[in-house]
Amino acid sequence: MKLTRTKTFKTFAGPAWTNNPINVQMLGICSALAVTIQLNTALVMTLAMTFVITMASLIVSVMRKIIPGNIRIIVELAVIASLVVLTDEFLRAYYYEMSRMLSIFVGLIITNCIILGRTEGFAMSNTPHLAVMDGLGNAAGYGSVLLSVAFIRELFGSGKIFGYDVIPQSFYDAGYENMGIMLLAPAAFIIIGLMAWLQKYLAGVEDEG
Amino acid sequence: MVDLLSLFMNSVFAGNILLAYFLGMCSFVAISKNLNTAIGLGFAVIFVLTVTVPLNWLIFHFLLAPEALAWAGLEDVNLSFLRLVVFICVIAAMVQGIEMLIDRFSASLYAGLGIFLPLIAVNCAILGGSLFMVEREYTFIESVVFGFGAGVGWMLAIVAMAAARIRMRYADLPYGLNGFAITMIVTGLMAMGFMLFTGISL
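As you go down the protein sequences, you meet chains D and Y in turn.
With positions in the first sequence counted from 1, the corresponding number in the numbering used here is that position plus 929.
With positions in the second sequence counted from 1, the corresponding number in the numbering used here is that position plus 3.
Hints in this document: simulated from the structure, not taken from any laboratory.
Keep in mind that a hint or two might mislead.
[Said to hold, decoys possible] Chain D stretches covered by chain Y per the calculated footprint, using a threshold of three residues with CB under 8 Å from any CB of chain Y: (1) 1012–1021; (2) 1039–1050; (3) 1118–1127.
Positions of the beta carbon are idealized from the N, C-alpha and C atoms, including for glycine.
Using the sequences and the hints, build the whole thing.
So this is what it looks like as structure tokens:
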């Protein structure tokens, strides 16, 4: 059996590409746009999200047989909230500058629909092994969108990548200018719209109307 | 008074919680397909934000903030790391309570608003409002004005979007652009319009 045919791989690749949580399922865009002015913040946000979604999927999946059905949402939220508090405090303690820049958006991972959706829809009914792959796949799908938007905005908005200048000075001398609009909110909406278009076109997702 | 008015105008327009801070996008995309539902959800968001932001202000400043427990003789206690968990619990409890109150006292309001209230508990705009209130160090009165203004701004955006999407249904768009993609692009254009209010000072 080839690697790409295994259930494990499919569980990972589905949300990472064809069923991308942001572009296709339209979940979790709140935080996805606000932190994309720079690649640095987008990367940290992706890591935080990967940690929370993978651990939440794992924990909920391990406990799935002992969680009573009618209070499962509360249990899931409690697990997610504890992980987010952990992440938030960790960033505050070791990367204070970064946590200032991410402002309230680390805390808002709690209300990110992707995580609750995955724990409720997948981890509650699957083995830990698959739940972790599903969590990682969703995090990869989320992160790829976040990083691509951040790449475009930082490159065209301030001529930098990860804070390093990449546009040569000669360009500026020849009259090139950074696009200020890229640093503002509207650009994020438009870029994500165009990317959703591109992805839907390439992945050939069925239209739901 | 002028400060409060300008805070209100700012939270409705230039600092619109949806168009400038991207909060509440999930339900924005899903609900803006229908104008009437958008109006209902908009009112529910205004209501819940106006109640929960000041309530969380009281809880934060009398229980959680550093040295907030001085009145109980516990000067060294700093519970502010608990704020995320406490805020989300307060919001969920408030939403549930408001739903029960409306159900008890006004059947017509419940029919219009009731189904949206559970959705709101997980709307990022509500939690975001409370977290912004802490981060920007508002006073109590300011937090009331900010909560109300943020709600009004959110409603304005979703109602405008729902009205625009009714027209877009008849547009002949290329494959892949329809639905989510064009909604985001139009939202971007709308955000540009709202940003023009940035320069206005009262």
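Here is how each hint holds up against the structure:
1. A stretch counts as covered by a chain when three or more of its residues have a beta carbon under 8 Å from one of that chain; for the region 1012–1021 of chain D and chain Y the count is 4, and the coverage holds.
2. Look at the region 1039–1050 of chain D against chain Y: 5 of its residues bring a Cβ nearer than 8 Å to a Cβ of that chain, three or more, so the hint holds.
3. Closer than 8 Å: that is the beta-carbon criterion, and the region 1118–1127 of chain D has 8 residues meeting it against chain Y, so the requirement of 3 holds.
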